[in-house]
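For what it's worth, full-length UniProt numbering labels the leading residue of the sequence shown as 1, then goes sequentially.
These are computed hints drawn from the structure, not numbers from a lab. Be a bit skeptical, because a hint or two may be false.
What the hints assert, rightly or not - Calculated pairs, SDA-like style, for lysine to any residue (alpha carbon to alpha carbon, straight line, at most 25 Å): (1) 244 to 465; (2) 446 to 464; (3) 422 to 501; (4) 377 to 527; (5) 307 to 209; (6) 244 to 285; (7) 234 to 141; (8) 541 to 143; (9) 433 to 186; (10) 469 to 433; (11) 314 to 443; (12) 422 to 442; (13) 446 to 229; (14) 466 to 476; (15) 244 to 377; (16) 244 to 443; (17) 433 to 141; (18) 314 to 213; (19) 314 to 374; (20) 466 to 443; (21) 314 to 433; (22) 123 to 442; (23) 469 to 428; (24) 453 to 428; (25) 453 to 213; (26) 188 to 451; (27) 307 to 213; (28) 534 to 231; (29) 234 to 314; (30) 231 to 423; (31) 235 to 317; (32) 534 to 141; (33) 469 to 435.
What the hints assert, rightly or not - Derived Cβ-Cβ restraints for the label pairs, each shown as a range: (34) 237 to 120: 35 to 43 Å; (35) 298 to 120: 41 to 49 Å; (36) 544 to 367: 36 to 44 Å.
For each residue, glycine too, the CB sits at the ideal point set by N, CA and C.
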Amino acid sequence: MSRLLYSPFKRFCVKCKDVPAVTARCYSSLLTPTRCPQLSKQQTFVVLQQQQRKCFGPSRLITSRFYSSSKFWIGGIGAGIVLALVFKYHTDIAELSCEEDFQHTGRYGAAIQVSRDLVQRIKVQDEVGAPGLVVGVSVDGSQVWCEGFGYADLENRVPCGPETVLRIASISKPLTTAAAARLWEEGKLDLDAPVQKYVPEFPQKQFEGEDVTLTPRLILSHLSGIRHYEKDAKKVREDREKAKRTLKLPGKEEKSLSENKENPKTEDSSTKSKENKQAHKKKEFEQEEYYLKDSFESVIHALDLFKDDTLVFKPGTTFLYSTHAFTLLSAVVERAAGQRFLDHMMKMFRQLGMLNTVPDENDPIIYNRSRFYHFNKKGRIVNCPYVDNSYKWAGGGFLSTVGDLLLFGNALLYSYQVANLKDCTDLLPGFLKPETAQTLWAPVDKTEASWDKDGLYAQGWLVVEKEQKYGQCRSRRHYVSHTGGAVGASSVLLVLPSETVQQPEGLTTALPQGIVVTIITNMQSVGLNSAALKIAHEFDKTRGL
Numbered sequence: 001m002s003r004l005l006y007s008p009f010k011r012f013c014v015k016c017k018d019v020p021a022v023t024a025r026c027y028s029s030l031l032t033p034t035r036c037p038q039l040s041k042q043q044t045f046v047v048l049q050q051q052q053r054k055c056f057g058p059s060r061l062i063t064s065r066f067y068s069s070s071k072f073w074i075g076g077i078g079a080g081i082v083l084a085l086v087f088k089y090h091t092d093i094a095e096l097s098c099e100e101d102f103q104h105t106g107r108y109g110a111a112i113q114v115s116r117d118l119v120q121r122i123k124v125q126d127e128v129g130a131p132g133l134v135v136g137v138s139v140d141g142s143q144v145w146c147e148g149f150g151y152a153d154l155e156n157r158v159p160c161g162p163e164t165v166l167r168i169a170s171i172s173k174p175l176t177t178a179a180a181a182r183l184w185e186e187g188k189l190d191l192d193a194p195v196q197k198y199v200p201e202f203p204q205k206q207f208e209g210e211d212v213t214l215t216p217r218l219i220l221s222h223l224s225g226i227r228h229y230e231k232d233a234k235k236v237r238e239d240r241e242k243a244k245r246t247l248k249l250p251g252k253e254e255k256s257l258s259e260n261k262e263n264p265k266t267e268d269s270s271t272k273s274k275e276n277k278q279a280h281k282k283k284e285f286e287q288e289e290y291y292l293k294d295s296f297e298s299v300i301h302a303l304d305l306f307k308d309d310t311l312v313f314k315p316g317t318t319f320l321y322s323t324h325a326f327t328l329l330s331a332v333v334e335r336a337a338g339q340r341f342l343d344h345m346m347k348m349f350r351q352l353g354m355l356n357t358v359p360d361e362n363d364p365i366i367y368n369r370s371r372f373y374h375f376n377k378k379g380r381i382v383n384c385p386y387v388d389n390s391y392k393w394a395g396g397g398f399l400s401t402v403g404d405l406l407l408f409g410n411a412l413l414y415s416y417q418v419a420n421l422k423d424c425t426d427l428l429p430g431f432l433k434p435e436t437a438q439t440l441w442a443p444v445d446k447t448e449a450s451w452d453k454d455g456l457y458a459q460g461w462l463v464v465e466k467e468q469k470y471g472q473c474r475s476r477r478h479y480v481s482h483t484g485g486a487v488g489a490s491s492v493l494l495v496l497p498s499e500t501v502q503q504p505e506g507l508t509t510a511l512p513q514g515i516v517v518t519i520i521t522n523m524q525s526v527g528l529n530s531a532a533l534k535i536a537h538e539f540d541k542t543r544g545l
């Protein structure tokens, strides 16, 4: 009978009699036959019947001489009860029409519409075609937009929604950084001590025959020299040198370009750079260690993957992004905390209110967990292979939702901004001390970041500082972010603090002040930082009105 009422995967509007693209919003239900306010319930039911006859054919509840009248009468009563329950249960939500769904009438309606169009482009641009995507935005600590696009499960046509649980990949690094920072505040962790103080199982390292010191602080800024997924240290150094040479334009080429200004290249440099980034991402996912299926009993055991490998660079001299280095940091955190790393992280998540953030384990039943996808060699979307992320909990092994990530971003923004207030006696303390938060978001020399060349890596975050060199020219806002890429997943968490922090007065003004944006998809190799930054600026415009 329910099949005659509505399709569980399409949302009808009885006013426009159309089937909009499947999207999920925090303020409407996908399983609701939408009723327009202009129509009465009786009219709505008539139009709905007509619409379903068109989709499913005529009703099979037809009088027949082979059915007794009593059976038909009982069936009619049952149908009436089901219809009454459906309409009563969904009355409040069903008052929204298609137009009201797609044109949010609140203060941030225009920003939501622009951002929605931008997010829709992510699903199709450059043949990315992410099957599912969820975006969340908060303004001054309050969630104002949370919406899913596409499918969390293509095969079973399960739509993405705000509650969808996805791999957050390297956003796990800021989470681990916060845990290490708390231990440092409590005096349990010395960020400048050799890692062997906490993890004697990790051997003393040498570089070019000289003993060197690895510290947690160097790991947080990716200056440890520990390898990433590429095992060949010589190849990594050669690739780094090659990349530096391509950035420097030789004198002859410069002269040649100046002499041939009349015949400029038609290929846009920004497009070429974008293609190079995409190619680099795809090449990185060819590394075997991305697809490990071995289960490691503890973070100490996971060190066996790389602890005996030579360092790629001398610690403290060269930036080298390394997920394995964060596995070493997780071992340090475990010993400093005096409990298993995952237990310590789950305790922190509870304190933050992040109740949907868990380790990416295969065995537990995790409700609303998404499937994960990638493109095969023929360019078709296929299911990702099974992977075991127990070798990299700290660097890329957690699952979460956009709502949880917004909570985390706002918790750090609150901690960061308390330091800018003259009087904060009436405010609750932040999750981190103001000085700690400012240290985490302070750029570190000799670092870099691939997802925004204007920024430098800090400790567990990329930081872009405020800058305007010339009058009436480009003005750069201060923001922090971290992106993530894993098997079947891409993610970003971006925090755009308010340019000025107002002193709270009663309940009218409070912390945090700024925009937090997060986007998570179930497709790997999708660049999201630029889109998140544009969305943040759209909401910031409205915030200032």
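Tell me the hint numbers this structure goes against, listed in increasing order.
7, 10, 15, 19, 21, 22, 23, 24, 25, 26, 28, 30, 33
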